[in-house]
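S.K.: Take a look at the letters that make up each chain.
2 protein chains.
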Amino acid sequence: MEKSDVIVIGGSAAGLTAALTSRRHYPEKEVLLVRREQQVLIPCGIPYIFGTVGSPEKNLIPDALLEKNGIRLLVTDATYVDRTAKRVDTPKGQLQFDRLVLATGSLPAMPPIPGFDLDGVFTIRKEIDYLRNLQQRLAGCRDVVIIGGGFIGIEFADEVRKMAGERTLSIVEALSHCLVLAYDDEFSTVMESHLRERGIHLYTSSRVDRILGDKTVKGLQLADGTKLKADAVILGIGAVANVELAKTAGLRLGPTGGIQVDRTMQTSDGNIFACGDCAEKTSFFGGRPSPLKLASIATLEARIAGANLFGLRRESPGTVGAWSTAVGDLALGTAGLTERMARDRGYQTVATTVEGPNRHPGSMPGACNTRLKLVFEAGTHVLLGGQIQGDAAIGEVVNLLSACVQQRMTVEDIAMFQAGTHPALTASPIAYALVNAAELAIQKMRGAARGA
Amino acid sequence: MEKSDVIVIGGSAAGLTAALTSRRHYPEKEVLLVRREQQVLIPCGIPYIFGTVGSPEKNLIPDALLEKNGIRLLVTDATYVDRTAKRVDTPKGQLQFDRLVLATGSLPAMPPIPGFDLDGVFTIRKEIDYLRNLQQRLAGCRDVVIIGGGFIGIEFADEVRKMAGERTLSIVEALSHCLVLAYDDEFSTVMESHLRERGIHLYTSSRVDRILGDKTVKGLQLADGTKLKADAVILGIGAVANVELAKTAGLRLGPTGGIQVDRTMQTSDGNIFACGDCAEKTSFFGGRPSPLKLASIATLEARIAGANLFGLRRESPGTVGAWSTAVGDLALGTAGLTERMARDRGYQTVATTVEGPNRHPGSMPGACNTRLKLVFEAGTHVLLGGQIQGDAAIGEVVNLLSACVQQRMTVEDIAMFQAGTHPALTASPIAYALVNAAELAIQKMRGAARGA
Chain E
1 MEKSDVIVIG
11 GSAAGLTAAL
21 TSRRHYPEKE
31 VLLVRREQQV
41 LIPCGIPYIF
51 GTVGSPEKNL
61 IPDALLEKNG
71 IRLLVTDATY
81 VDRTAKRVDT
91 PKGQLQFDRL
101 VLATGSLPAM
111 PPIPGFDLDG
121 VFTIRKEIDY
131 LRNLQQRLAG
141 CRDVVIIGGG
151 FIGIEFADEV
161 RKMAGERTLS
171 IVEALSHCLV
181 LAYDDEFSTV
191 MESHLRERGI
201 HLYTSSRVDR
211 ILGDKTVKGL
221 QLADGTKLKA
231 DAVILGIGAV
241 ANVELAKTAG
251 LRLGPTGGIQ
261 VDRTMQTSDG
271 NIFACGDCAE
281 KTSFFGGRPS
291 PLKLASIATL
301 EARIAGANLF
311 GLRRESPGTV
321 GAWSTAVGDL
331 ALGTAGLTER
341 MARDRGYQTV
351 ATTVEGPNRH
361 PGSMPGACNT
371 RLKLVFEAGT
381 HVLLGGQIQG
391 DAAIGEVVNL
401 LSACVQQRMT
411 VEDIAMFQAG
421 THPALTASPI
431 AYALVNAAEL
441 AIQKMRGAAR
451 GA
Chain U
1 MEKSDVIVIG
11 GSAAGLTAAL
21 TSRRHYPEKE
31 VLLVRREQQV
41 LIPCGIPYIF
51 GTVGSPEKNL
61 IPDALLEKNG
71 IRLLVTDATY
81 VDRTAKRVDT
91 PKGQLQFDRL
101 VLATGSLPAM
111 PPIPGFDLDG
121 VFTIRKEIDY
131 LRNLQQRLAG
141 CRDVVIIGGG
151 FIGIEFADEV
161 RKMAGERTLS
171 IVEALSHCLV
181 LAYDDEFSTV
191 MESHLRERGI
201 HLYTSSRVDR
211 ILGDKTVKGL
221 QLADGTKLKA
231 DAVILGIGAV
241 ANVELAKTAG
251 LRLGPTGGIQ
261 VDRTMQTSDG
271 NIFACGDCAE
281 KTSFFGGRPS
291 PLKLASIATL
301 EARIAGANLF
311 GLRRESPGTV
321 GAWSTAVGDL
331 ALGTAGLTER
341 MARDRGYQTV
351 ATTVEGPNRH
361 PGSMPGACNT
371 RLKLVFEAGT
381 HVLLGGQIQG
391 DAAIGEVVNL
401 LSACVQQRMT
411 VEDIAMFQAG
421 THPALTASPI
431 AYALVNAAEL
441 AIQKMRGAAR
451 GA
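Protein sequence lines correspond, in order, to chains E and U.
When we follow the working numbering, the leftmost residue of the first sequence carries the number 1, and every step to the right adds one.
When we follow the working numbering, the leftmost residue of the second sequence carries the number 1, and every step to the right adds one.
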């Protein structure tokens with residue numbers, strides 16, 4: 001029986017990063033990565049297969065990283081984990097491990113909607129053949145409906161819109177707005193207007209009653225009776241942890257159905273770690289279970305798991321939740337809690353918003369309007385979260401916001417932030433949004449203190 | 001005699017921000033801003049007047065901010081400050097103050113080069129008429145030489161290059177590379193190649209012996225005997241604090257010639273504060289005098305001075321030095337110390353560099369190669385500085401780096417950073433540069449510890 005110091009099961013963002021990290025931190029240990037897929041898709045890039053990038057083959061994680069770092073690869077199914085024997089069973093034989101990392105990812109969530117099993121109803125699976133088939137199928141469709149107005153749903157809609165041929169595109173979202181789990185309404189509505197301008201139909205506050213059709217999908221009916229024509233329906237309503245292997249191995253599961261892990265990413269078995277979409281997450285804010293599943297979270301967890309395999313070195317402070325989404329030239333980013341989320345959880349908040357151009361003077365090339373909202377805890381003045389609207393650079397503003405949240409910076413720390421600015425790259429130093437939003441919040445807090 | 005609670009002298013970034021901040025923090029106080037200029041130029045935007053933006057009138061700080069915030073404006077010269085009488089003299093009358101903020105800025109540095117007073121030799125003054133005249137003069141020039149290869153010099157060169165008409169453009173830099181006070185050589189050389197590709201001639205490690213000509217400039221002679229033809233010479237070798245008013249008022253000056261201030265921006269007179277280019281600066285690293293003069297530093301100091309006028313609330317932790325520069329589609333950013341600066345100051349350093357595309361997959365639109373270098377202190381593992389090369393988004397990456405430096409984050413903090421990523425906006429979460437550079441540094445530190 002072949003033996004490895006470390007076996008990682010799963011080859012996407014979490015598995016690959018866990019393997020890389022264990023090689024970095026324990027260069028003397030042998031690492032074997034076991035995965036099902038011959039080639040691995042970049043998960044966040046999947047929507048772009050349909051428009052911008054063009055095909056699944058152009059959206060792959062290169063295996064060069066494995067080779068370069070001396071990580072062995074076995075493409076096969078892991079069918080069973082025997083924890084006592086420290087053994088993984090596969091169709092290609094049994095594998096012995098000293099430490100095991102489960103990075104088995106997630107599967108598309110299936111809603112309890114009648115008709116979801118009709119031909120022409122698709123989920124967003126991370127499988128090349130499935131997506132290639134979906135792409136071919138969509139090419140011949142006239143009416144495409146996407147269920148779910150989260151970031152996957154809206155990015156998918158806009159990319160399918162870019163495909164050759166004429167078709168109507170609709171998004172059906174059960175909540176009151178798109179992106180409602182990551183943005184306050186004033187940001188969601190900007191994206192909604194932008195999608196409508198691009199010809200995408202939006203049905204918010206709309207529950208799907210049933211998907212219509214005999215064998216093949218013909219449309220869907222909303223709870224209010226509205227019927228939508230559809231020759232393809234795509235479900236983009238989220239993902240559930242893939243825990244089959246963990247469950248049969250007798251590992252404990254967590255409150256949201258992921259593999260239970262502590263802050264070191266250890267499962268209920270001290271020799272087995274889990275990371276990524278398959279692992280239970282807790283929030284940076286209060287430590288409750290967090291529903292977020294993002295590749296960036298997966299890689300952080302993998303860096304923790306990989307570093308801890310032969311000696312605990314790292315602990316997760318919980319998931320901040322920093323991410324962005326883009327449709328055309330409009331990008332939105334979020335880090336930490338929105339105002340609504342913060343209030344729902346019981347925080348007293350002070351929020352401020354500033355708008356302005358991202359160049360100075362505003363006539364410099366590439367100028368666009370940006371909007372930044374900061375949410376502080378009213379008593380301690382600690383930053384709970386920020387949201388930003390702008391151009392491509394907001395992908396990095398989100399990381400600045402994430403740093404401020406992770407460091408639990410106060411409104412005063414942020415007002416004293418030493419920003420770098422440049423006419424061709426950023427807002428003016430007089431009007432740098434992050435700092436100005438903090439100064440406004442200080443004014444607001446002082447006003448509130450006086451009023452009290 | 002007219003009386004104001006607060007008088008601010010100077011209307012550029014520091015003066016305006018000090019006035020705004022004092023209104024925000026002390027809304028009941030009357031603020032009068034006294035400035036010489038009818039209209040105020042955006043200082044960092046001055047190079048862009050010549051090419052991208054087109055004229056000084058398109059590069060102004062709007063006075064709307066003053067009006068909106070109830071700040072009175074008096075356009076005149078402040079000629080004398082009587083500290084005992086708490087009085088400012090101007091040609092338009094005497095003004096009484098309770099607190100005074102000096103934000104008198106800087107003047108172009110004049111090198112001790114024979115011929116600097118010839119007709120056709122220009123400095124970069126923040127005056128509309130002067131710049132308009134320079135623009136007209138340059139329009140008729142065939143050979144323009146810029147002395148100084150710092151960010152002002154290179155941005156100026158590229159903008160003059162964009163003017164209508166044919167002309168040769170040369171930069172003469174005394175040090176071994178352009179931008180050497182902000183970047184390590186491997187970044188400077190990238191910018192140098194980029195400038196050469198754009199047709200700009202570079203003379204590095206080249207001292208100017210004399211500027212040639214009778215009444216009008218005809219050329220210049222370098223220390224090695226090389227002669228350069230020139231019908232215009234622009235001096236871009238830095239700026240010196242404008243301290244005339246402070247000096248005659250009897251305020252103490254600092255070691256680099258700026259107005260001496262403590263960490264609260266108080267001068268040697270407790271009722272008088274100073275901020276911006278006219279004020280002495282200390283470094284975030286060790287507290288020595290810092291030569292940096294940037295609008296972003298000026299505004300931070302102004303936020304400190306303005307908040308402290310009637311009760312000390314804020315202290316400067318010293319200047320980190322975060323800023324960026326851009327020529328065409330190449331942008332460079334820096335925050336904190338370079339490897340060379342850190343070693344020169346006596347730090348033991350561990351530095352790592354990572355390169356990669358800023359999109360995932362790399363075929364996404366807008367992808368370019370980025371390079372990030374991090375410099376850590378070897379014993380404490382605290383981040384001392386970072387440098388980044390890339391596209392416009394690096395204007396905000398610099399601020400992420402600045403946050404990490406200001407928070408004195410360690411290599412482990414950064415390896416555990418929770419980044420947000422997006423295919424259309426950033427690098428992949430597996431290869432996010434900041435985090436990967438930290439992981440590499442940890443490997444390096446561990447290797448060094450083993451070797452020891």
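Hints are computed from structural coordinates only; laboratory data are not their basis.
Given the structure is predicted, the values throughout are model-derived calculations rather than measurements.
Some hints here could point you the wrong way.
One side only, chain U facing chain E, incomplete, derived with CB under 7 Å [claimed, not checked]:
(1) A326
(2) V327
(3) P357
(4) P361
(5) Q407
(6) R408
(7) I430
Cβ coordinates follow ideal geometry from the N, Cα and C atoms, glycine included.
S.K.: All hints are to be evaluated individually against the structure, with a verdict given for each.
M.R.: Results of checking the hints against the structure:
1. Checking A326(U) against chain E by beta carbon gives a least distance of about 4 Å; that is within 7 Å, so the hint holds.
2. With its C-beta approaching chain E no nearer than about 9 Å, V327(U) sits outside the 7 Å limit, and its interface hint is violated.
3. Annotation: P357(U) was flagged as interfacial toward chain E, and the flag is violated, the nearest CB pair being 12 Å apart, outside 7 Å.
4. Checking P361(U) against chain E by beta carbon gives a least distance of about 5 Å; that is within 7 Å, so the hint holds.
5. Against a cut-off of 7 Å between C-beta atoms, the interface hint on Q407(U) holds, since the closest Cβ of chain E lies about 5 Å away.
6. Given hint, R408(U) at the interface with chain E, is violated; its Cβ is 10 Å from that chain's nearest Cβ, farther than 7 Å.
7. Restraint check, I430(U) versus chain E: the minimum CB separation of about 6 Å is within 7 Å; hint holds.
Going down the numbered hints, you'll see the structure goes against 2, 3, 6, while the others check out.
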